[in-house]
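*Asks:* Given next are the chains, with one letter for each unit.
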Amino acid sequence: MTSTSVRRHKATGLVVLLAGLVTTGIGYAAVTSTAEASVPQASQGQLDQGHQIFLEGCATCHGLAAQGSSDGPSLIGVGAAAVDFQVSTGRMPLAAPDNQAPQKAVVYTADQISALAAYVASLGPGPSIPSASDVSTTDAELAEGGVLFRTNCAQCHNFAGRGGALSDGKYAPSMMNATPTQMYEAMLTGPQNMPVFNDKTMPPAQKQAIIKYIKNLQQAQAPGGLALGSYGPVTEGVFIWTAGIGALLAAAVWIGAKVR
Amino acid sequence: MSNSHGTDLNVHAATGDEPVFPLPPHHHRLTDTDPRAAKRAERQIATMFILSALGMVGFVVAYVMVPTTSYLDLGPVGVLQTSNLLLGLTFGTATLLIGVAAIHWAKKLMADEEIIDHRHPVGSTDEDREEALAAFNAGVAESGFAERPLLRRTLIAALALFPIPLIVLLKDMGPLPGDSLRHTIWRKGSRIVIDVSGQPLRPEDMSVGSLVSASPADLNDIQEAEGNQNARAKASIILVRMKPGEIVSEQGEGWSYQGILAFSKICTHVGCPIALYQQRTHHLLCPCHQSTFDLADSGAVVFGPAARRMPQLPITVDNEGYLVAQSDFHEPVGPSFWERP
Chain A
1 MTSTSVRRHK ATGLVVLLAG LVTTGIGYAA VTSTAEASVP QASQGQLDQG
51 HQIFLEGCAT CHGLAAQGSS DGPSLIGVGA AAVDFQVSTG RMPLAAPDNQ
101 APQKAVVYTA DQISALAAYV ASLGPGPSIP SASDVSTTDA ELAEGGVLFR
151 TNCAQCHNFA GRGGALSDGK YAPSMMNATP TQMYEAMLTG PQNMPVFNDK
201 TMPPAQKQAI IKYIKNLQQA QAPGGLALGS YGPVTEGVFI WTAGIGALLA
251 AAVWIGAKVR
Chain B
1 MSNSHGTDLN VHAATGDEPV FPLPPHHHRL TDTDPRAAKR AERQIATMFI
51 LSALGMVGFV VAYVMVPTTS YLDLGPVGVL QTSNLLLGLT FGTATLLIGV
101 AAIHWAKKLM ADEEIIDHRH PVGSTDEDRE EALAAFNAGV AESGFAERPL
151 LRRTLIAALA LFPIPLIVLL KDMGPLPGDS LRHTIWRKGS RIVIDVSGQP
201 LRPEDMSVGS LVSASPADLN DIQEAEGNQN ARAKASIILV RMKPGEIVSE
251 QGEGWSYQGI LAFSKICTHV GCPIALYQQR THHLLCPCHQ STFDLADSGA
301 VVFGPAARRM PQLPITVDNE GYLVAQSDFH EPVGPSFWER P
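Keeping their order, the protein sequence lines are chains A and B.
The first sequence: position 17 = 17 (the working numbering), numbered continuously.
The second sequence: position 279 = 279 (the working numbering), numbered continuously.
Just so you know, the hints here were simulated from the structure itself, not pulled from any lab data.
A quick note: this is a predicted structure, and the numbers were derived from the prediction, not measured.
Check each hint, because a few of them may be wrong.
EDC-like cross-link-like pairs, simulated, lysine to aspartate or glutamate; straight-line CA separation at most 20 Å [what the hints assert, rightly or not]:
hint : chain 1 : residue 1 : chain 2 : residue 2
1    : B       : Lys188    : B       : Glu339
2    : A       : Lys258    : B       : Glu250
3    : A       : Lys200    : A       : Asp98
4    : A       : Lys215    : A       : Asp98
5    : A       : Lys258    : B       : Glu339
6    : B       : Lys243    : B       : Glu253
7    : A       : Lys200    : B       : Asp221
8    : B       : Lys188    : B       : Asp221
9    : A       : Lys200    : A       : Asp111
10   : B       : Lys39     : B       : Asp112
11   : A       : Lys170    : B       : Glu320
12   : A       : Lys258    : B       : Asp294
13   : A       : Lys200    : B       : Asp112
14   : A       : Lys200    : A       : Glu236
15   : A       : Lys104    : A       : Glu236
16   : A       : Lys258    : B       : Glu320
17   : B       : Lys171    : B       : Glu339
18   : A       : Lys170    : A       : Glu56
19   : B       : Lys188    : B       : Glu250
20   : A       : Lys104    : A       : Glu141
21   : B       : Lys188    : B       : Glu320
22   : B       : Lys107    : B       : Asp179
23   : A       : Lys258    : B       : Glu204
24   : B       : Lys243    : B       : Glu204
25   : B       : Lys243    : B       : Glu320
26   : A       : Lys200    : B       : Asp128
27   : B       : Lys108    : B       : Glu204
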């Protein structure tokens with residue numbers, strides 16, 4: 001009876017509304033504050049684990065104190081984002097010293113990678129791993145992403161994101177299997193020969209638009225027929241010069257052949 | 001059928017003269033000697049024509065029935081739009097079958113004769129030549145061309161000047177470029193803004209390793225006033241930032257700002273816009289012909305067909321702290337041209 005009377009009270013709707021607003025506000029504040037935190041809090045255990053992995057897997061080239069050596073750059077100030085990108089894509093530990101670090105099987109588990117990232121981030125301030133809301137593309141403009149992609153990315157990564165050749169055996173990798181977090185980290189840190197697109201020259205909203213466009217490219221189908229890898233004139237030319245002209249030659253031989 | 005072809009062999013004999021190089025003996029086709037083979041070829045050809053007709057009908061059916069939203073996963077070949085695939089297959093096969101059937105018809109069933117077409121000398125007879133020459137000489141004598149030098153010379157003068165108006169008209173092909181190839185819209189104090197977003201830049205916005213495609217702030221206004229994109233074609237630049245110690249040389253004293261360098265975006269070879277900047281090596285690579293420029297060393301050409309270094313734009317900051325140009329480029333941007341080898 002009491003509960004029924006409370007439910008029927010005139011102010012009940014107002015109270016419930018207020019309670020809902022307050023809860024949402026606190027929840028939202030909690031979510032955004034974690035998203036904006038530049039240095040994630042890492043436990044001492046995680047830092048120790050990361051240090052251990054660093055000494056075993058990274059110090060040979062990057063130096064015992066991550067100060068760098070003739071074989072590898074200093075990691076002080078590169079931030080957690082660079083570590084997460086390089087290790088979670090399998091580029092680090094390096095397969096062999098060469099002009100380009102190729103992607104290969106990932107060596108460490110997700111826990112180990114975050115411990116390593118936390119350790120390197122503790123050496124000096126640098127870009128942190130983007131949060132889920134940083135790489136969320138729900139509010140991003142696809143068309144704007146296309147314009148930005150063609151202005152800033154397509155010259156190396158190809159108009160369809162399939163990658164392309166650079167000089168001296170270097171290349172821009174294909175983006176077909178890149179995750180939104182990896183794309184964001186790559187823009188933020190400029191891995192290897194890729195230039196840096198920091199949050200000042202390319203604000204997060206623009207990065208999200210680009211990510212949305214690349215995700216669109218990853219799912220793009222080929223309405224016009226065989227895409228031939230979307231490499232443009234190279235594969236298309238090879239195809240038509242071998243298969244196309246080959247078929248014409250075969251037809252010419254058939255037309256000219258003597259009938260028995 | 002074979003009987004009618006039997007006479008064909010005598011065609012060259014019937015002309016009367018024996019060929020200098022006699023033809024090899026003619027072998028009859030199977031379809032000429034065996035009526036069943038001829039019938040089989042006829043059926044094959046008819047089948048191809050019928051399939052072609054069905055293909056055309058199939059094209060119309062596919063066009064009307066298959067929605068453009070449906071896609072077909074062909075595994076390693078890729079995901080293709082069902083509609084386009086069917087349209088191409090039906091129309092392509094139908095057209096191909098008409099051609100194949102026609103050639104098959106010609107090869108198997110149409111008359112298989114070998115005919116000699118004799119060559120004859122192409123020159124005219126001696127009588128014709130003499131007659132023509134006599135007529136020409138008579139014309140020259142009657143016209144008085146030889147006896148009246150005044151007419152001859154004035155005619156030659158008139159014909160000599162005849163092409164001159166045609167050459168003069170070429171001037172209407174457009175005004176000469178003047179010195180527009182040597183200048184861009186960059187000038188002292190032009191503010192540098194990021195391409196697409198139009199946002200002005202402060203030096204601290206760029207980190208070491210950054211690459212920014214940029215243009216002058218007033219580009220859009222000038223473009224609108226001129227009604228074309230010529231200004232954009234010449235004024236596009238890229239900004240890069242490296243550690244000041246990494247800069248080996250510059251095209252002018254104090255042209256960079258705290259390690260930020262501005263270069264033309266237009267390749268000096270044939271004018272492709274380039275931004276394939278490799279931040280470790282500071283090399284700028286042109287995708288068209290692989291010209292490579294070292295931006296840390298005055299934009300010098302280190303590889304490829306480009307003949308000239310990449311022009312550098314001198315930059316500084318204005319009193320509000322934004323990056324601006326110190327002046328226009330000091331040399332023409334883009335590919336070489338006639339007056340500038």
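*Asks:* Compare the structure with each hint and give your call.
*Replies:* Verification of the supplied hints:
The suggested pairing of B/Lys188 with B/Glu339 is violated, with an alpha-carbon distance near 26 Å, which exceeds 20 Å. Simply put, A/Lys258 and B/Glu250 have alpha-carbon atoms about 71 Å apart, too far for the 20 Å limit, and the pair is violated. Our distance criterion of 20 Å between C-alpha atoms is broken by A/Lys200 and A/Asp98, whose separation comes to about 32 Å. Simply put, A/Lys215 and A/Asp98 have alpha-carbon atoms about 30 Å apart, too far for the 20 Å limit, and the pair is violated.
For the hint pairing A/Lys258 with B/Glu339, the CA-to-CA distance comes to about 60 Å; that exceeds 20 Å, so the pair is violated. In summary, the hint linking B/Lys243 to B/Glu253 is supported, as the alpha carbons are separated by about 17 Å, within the 20 Å threshold. With a C-alpha separation of about 25 Å, the suggested pairing of A/Lys200 with B/Asp221 is violated against the 20 Å cut-off. For the proposed pair B/Lys188 and B/Asp221, the alpha carbon gap of about 17 Å is at most 20 Å, so the pair holds.
At roughly 31 Å between alpha-carbon atoms, A/Lys200 and A/Asp111 are farther apart than 20 Å, so this suggested pair is violated. The suggested pairing of B/Lys39 with B/Asp112 holds, with an alpha-carbon distance near 16 Å, which does not exceed 20 Å. For the hint pairing A/Lys170 with B/Glu320, the CA-to-CA distance comes to about 40 Å; that exceeds 20 Å, so the pair is violated. For the given pair, A/Lys258 sits about 62 Å from B/Asp294 by alpha-carbon distance, which is inconsistent with the 20 Å threshold.
Between the alpha carbons of A/Lys200 and B/Asp112 the distance comes to roughly 80 Å, so the proposed pair goes past 20 Å and is violated. With a C-alpha separation of about 39 Å, the suggested pairing of A/Lys200 with A/Glu236 is violated against the 20 Å cut-off. At roughly 29 Å between alpha-carbon atoms, A/Lys104 and A/Glu236 are farther apart than 20 Å, so this suggested pair is violated. For the suggested pair A/Lys258 and B/Glu320, the alpha carbons sit about 84 Å apart, so the restraint of at most 20 Å is broken.
In summary, the hint linking B/Lys171 to B/Glu339 is supported, as the alpha carbons are separated by about 18 Å, within the 20 Å threshold. For the proposed pair A/Lys170 and A/Glu56, the alpha carbon gap of about 28 Å is over 20 Å, so the pair is violated. Simply put, B/Lys188 and B/Glu250 have alpha-carbon atoms about 19 Å apart, close enough for the 20 Å limit, and the pair holds. Of the pairs offered as hints, the one joining A/Lys104 and A/Glu141 is violated, with about 33 Å between alpha carbons and a cut-off of 20 Å exceeded.
Of the pairs offered as hints, the one joining B/Lys188 and B/Glu320 holds, with about 15 Å between alpha carbons and a cut-off of 20 Å not exceeded. Only pairs whose Cα atoms come within 20 Å are accepted, and B/Lys107 paired with B/Asp179 is rejected, the gap being roughly 66 Å. Between A/Lys258 and B/Glu204, the direct Cα distance comes to roughly 78 Å. Violation of the 20 Å bound is thereby established for this hinted pair. About 13 Å separates the Cα atoms of B/Lys243 and B/Glu204, which keeps this hinted pair within 20 Å; it holds.
With a CA separation close to 24 Å, the supplied pair B/Lys243 and B/Glu320 exceeds the 20 Å bound. Of the supplied pair hints, the one linking A/Lys200 and B/Asp128 is violated, its CA atoms being roughly 90 Å apart against a limit of 20 Å. Taking the CA atoms of B/Lys108 and B/Glu204, the gap is about 81 Å. The hint is violated against a cut of 20 Å.
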